[in-house]
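Trainee: One letter stands for each residue in the lines below.
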Amino acid sequence: AQSVTQLGSHVSVSEGALVLLRCNYSSSVPPYLFWYVQYPNQGLQLLLKYTSAATLVKGINGFEAEFKKSETSFHLTKPSAHMSDAAEYFCAVKGSGFQKLVFGTGTRLLVSP
Amino acid sequence: GAVVSQHPSWVICKSGTSVKIECRSLDFQATTMFWYRQFPKQSLMLMATSNEGSKATYEQGVEKDKFLINHASLTLSTLTVTSAHPEDSSFYICSAQLNTGELFFGEGSRLTVL
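Sequences listed follow chains A and B, in order. Each number in the working numbering corresponds to the 1-based position in the first sequence with 17 added. Each number in the working numbering corresponds to the 1-based position in the second sequence with 25 added.
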């Protein structure tokens, strides 16, 4: 079975500061890992995904994440936060390309001027 | 990327009525679609897996007779909330799966039951 744990239900940063959203996974097989962003009253948009290729994954809007097997982590980072980055972020895992996706509890990113 | 559309985006209904939510893959065919439920400020919980031409597979604890799912074509899955009650009020999101396994999500449908 697969699961993800997102540390911190809320993360606050100033505009221009580094963004770090934490995600640790548990999987009995090599995982597929994802980060999604959700704006209020909207669906989910894929930021990036790890599917056993390069461990450093670059996504949209300047986000990237690094798969670290030894730490079972897949933390999301962005060098400089923008006001428009304020949203809910979900880490998700599945055991293969066709298994169901399991979501973390989400982290709300707050960006202050 | 592929587009998945949900309709309606918002729906308000009276207690005891039934509500149908549609999920369409606009530019690809999806043999598998998924339905999720999201309570305020919480994560997405998978309700069921919808397979074209066959019965949906429901997650544990989800009432099959309450949440009827029909996947009649490769581009359309519907979720019908039958005899809705206020506790069914929630944000419902669907996703459609490409033949590569990649998922694309709809915009979500907010149901409010009075």
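Careful, some of the hints might be misleading.
Here are the in silico distance ranges between beta carbons for each label pair [to be verified]:
#, chain 1, residue 1, chain 2, residue 2, range
1, B, Gln85, A, Ser26, 35 to 41 Å
2, B, Glu132, A, Arg125, 26 to 32 Å
3, B, Thr42, A, Lys86, 47 to 53 Å
4, B, Lys91, A, Lys85, 40 to 46 Å
5, A, Pro57, B, Ala97, 18 to 24 Å
6, A, Leu73, B, Gly126, 17 to 23 Å
7, A, Ser29, B, Leu93, 38 to 44 Å
8, A, Thr72, B, Ser40, 48 to 54 Å
9, B, Lys91, A, Met100, 26 to 32 Å
10, A, Thr72, B, Gly126, 17 to 23 Å
11, A, Ala34, B, Lys91, 29 to 35 Å
12, B, Ser98, A, Thr72, 25 to 31 Å
With a cut-off of at most 25 Å between alpha-carbon atoms, the simulated PhoX-like pairs for lysine-lysine come out as follows [stated by the list, open to error]:
#, chain 1, residue 1, chain 2, residue 2
13, A, Lys117, B, Lys91
14, B, Lys66, A, Lys66
15, A, Lys117, A, Lys86
16, B, Lys66, B, Lys80
17, A, Lys75, B, Lys89
18, B, Lys66, B, Lys45
19, B, Lys39, B, Lys80
20, A, Lys86, A, Lys66
21, B, Lys80, A, Lys85
22, B, Lys91, B, Lys45
23, B, Lys39, A, Lys117
24, A, Lys111, B, Lys45
25, A, Lys111, B, Lys80
26, B, Lys80, A, Lys117
If you want the ones that stay clear, here's a sample from chain A, every Cβ over 10 Å from chain B, calculated [as the list claims (entries may be wrong)]:
#, residue
27, Glu32
28, Leu35
29, Pro47
30, Asn58
31, Gln59
32, Leu61
33, Ala71
34, Gly121
35, Thr122
I should point out that these hints are in silico values taken from the structure, not numbers from a laboratory. The structure presented is a predicted model; accordingly, all values stated were derived computationally and were not measured. Heads up, the beta-carbon is just placed ideally off N, CA and C, and yes, glycines get one too.
Trainee: None of the hints should be skipped; say for each whether it holds.
Mentor: Evaluation of the provided hints:
1. Between B:Gln85 and A:Ser26 the beta carbons are some 25 Å apart, a value that contradicts the proposed interval 35 to 41 Å.
2. In this structure the supplied range 26 to 32 Å is violated for B:Glu132 paired with A:Arg125, their Cβ-Cβ distance being about 19 Å.
3. B:Thr42 and A:Lys86 have their C-beta atoms about 50 Å apart, which keeps the hinted 47 to 53 Å range intact.
4. Taken as a hint, the range 40 to 46 Å holds for the pair B:Lys91 and A:Lys85, whose Cβ atoms sit roughly 42 Å apart.
5. The given range of 18 to 24 Å is broken by A:Pro57 and B:Ala97, whose C-beta atoms sit roughly 32 Å from each other.
6. Distance hint for A:Leu73 and B:Gly126: a CB-CB separation of about 22 Å, consistent with the stated range 17 to 23 Å.
7. Judged by the Cβ atoms, the range 38 to 44 Å given for A:Ser29 and B:Leu93 holds: they are separated by roughly 42 Å.
8. Hint check: A:Thr72 to B:Ser40, Cβ distance near 51 Å, so the stated range 48 to 54 Å holds.
9. Roughly 41 Å separates the CB atoms of B:Lys91 and A:Met100, a value that falls outside the hinted 26 to 32 Å.
10. Between A:Thr72 and B:Gly126 the beta carbons are some 20 Å apart, a value that agrees with the proposed interval 17 to 23 Å.
11. One distance hint, 29 to 35 Å for the beta-carbon pair A:Ala34 and B:Lys91, is violated here, with the actual separation near 45 Å.
12. Distance hint for B:Ser98 and A:Thr72: a CB-CB separation of about 40 Å, inconsistent with the stated range 25 to 31 Å.
13. Between A:Lys117 and B:Lys91, the direct Cα distance comes to roughly 22 Å. Compliance with the 25 Å bound is thereby established for this hinted pair.
14. Simply put, B:Lys66 and A:Lys66 have alpha-carbon atoms about 23 Å apart, close enough for the 25 Å limit, and the pair holds.
15. With a C-alpha separation of about 21 Å, the suggested pairing of A:Lys117 with A:Lys86 holds against the 25 Å cut-off.
16. Distance check on the hinted pair: B:Lys66 and B:Lys80 sit about 31 Å apart at the alpha-carbon level, beyond 25 Å; violated.
17. Annotation: proposed proximity of A:Lys75 to B:Lys89 is violated, straight-line Cα distance about 40 Å (limit 25 Å).
18. Among the hinted pairs, B:Lys66 with B:Lys45 is consistent with the structure: their alpha-carbon atoms are about 24 Å apart, no more than 25 Å.
19. With a C-alpha separation of about 28 Å, the suggested pairing of B:Lys39 with B:Lys80 is violated against the 25 Å cut-off.
20. Taking the CA atoms of A:Lys86 and A:Lys66, the gap is near 15 Å; set against the 25 Å cutoff, the hint holds.
21. This hinted pair does not check out: B:Lys80 and A:Lys85 have alpha carbons roughly 39 Å apart, beyond 25 Å.
22. For a cut-off of 25 Å, the pair hint linking B:Lys91 to B:Lys45 stands: about 12 Å separates their Cα positions.
23. Taken as a hint, the B:Lys39 and A:Lys117 pair is broken in the structure, with Cα atoms around 33 Å apart against an allowance of 25 Å.
24. Restraint check for A:Lys111 and B:Lys45: not satisfied, since their Cα atoms lie roughly 29 Å apart, outside the 25 Å limit.
25. Taking the CA atoms of A:Lys111 and B:Lys80, the gap is near 23 Å; set against the 25 Å cutoff, the hint holds.
26. Between the alpha carbons of B:Lys80 and A:Lys117 the distance comes to roughly 17 Å, so the proposed pair stays at or under 25 Å and holds.
27. The Cβ of A:Glu32 lies farther than 10 Å from every Cβ of chain B, with a closest approach of about 23 Å, so its non-interface assignment holds.
28. Annotated as non-interface, A:Leu35 keeps its C-beta farther than 10 Å from every C-beta of chain B; the closest such distance is 25 Å.
29. With 10 Å as the threshold on Cβ separation, the claim that A:Pro47 sits away from chain B holds: the shortest Cβ distance comes to roughly 14 Å.
30. With a least CB separation of 7 Å from chain B, A:Asn58 falls inside the 10 Å interface cut-off, contrary to its annotation.
31. At the 10 Å boundary, the C-beta of A:Gln59 falls inside the reach of chain B, the nearest C-beta of that chain being 6 Å off.
32. Consistency note on A:Leu61: stated as away from chain B, yet its beta-carbon is not over 10 Å from all of that chain's, at 4 Å minimum.
33. No Cβ of chain B approaches the Cβ of A:Ala71 within 10 Å, the least distance being about 17 Å, so the stated non-interface status holds.
34. The beta carbon of A:Gly121 is not kept farther than 10 Å from every beta carbon of chain B, the shortest such distance being approximately 6 Å.
35. Its beta-carbon lying about 5 Å from the closest one in chain B, A:Thr122 breaks the requirement of being farther than 10 Å from that chain.
Hints 1, 2, 5, 9, 11, 12, 16, 17, 19, 21, 23, 24, 30, 31, 32, 34, 35 from the earlier list are contradicted by this structure; the remaining hints agree with it.
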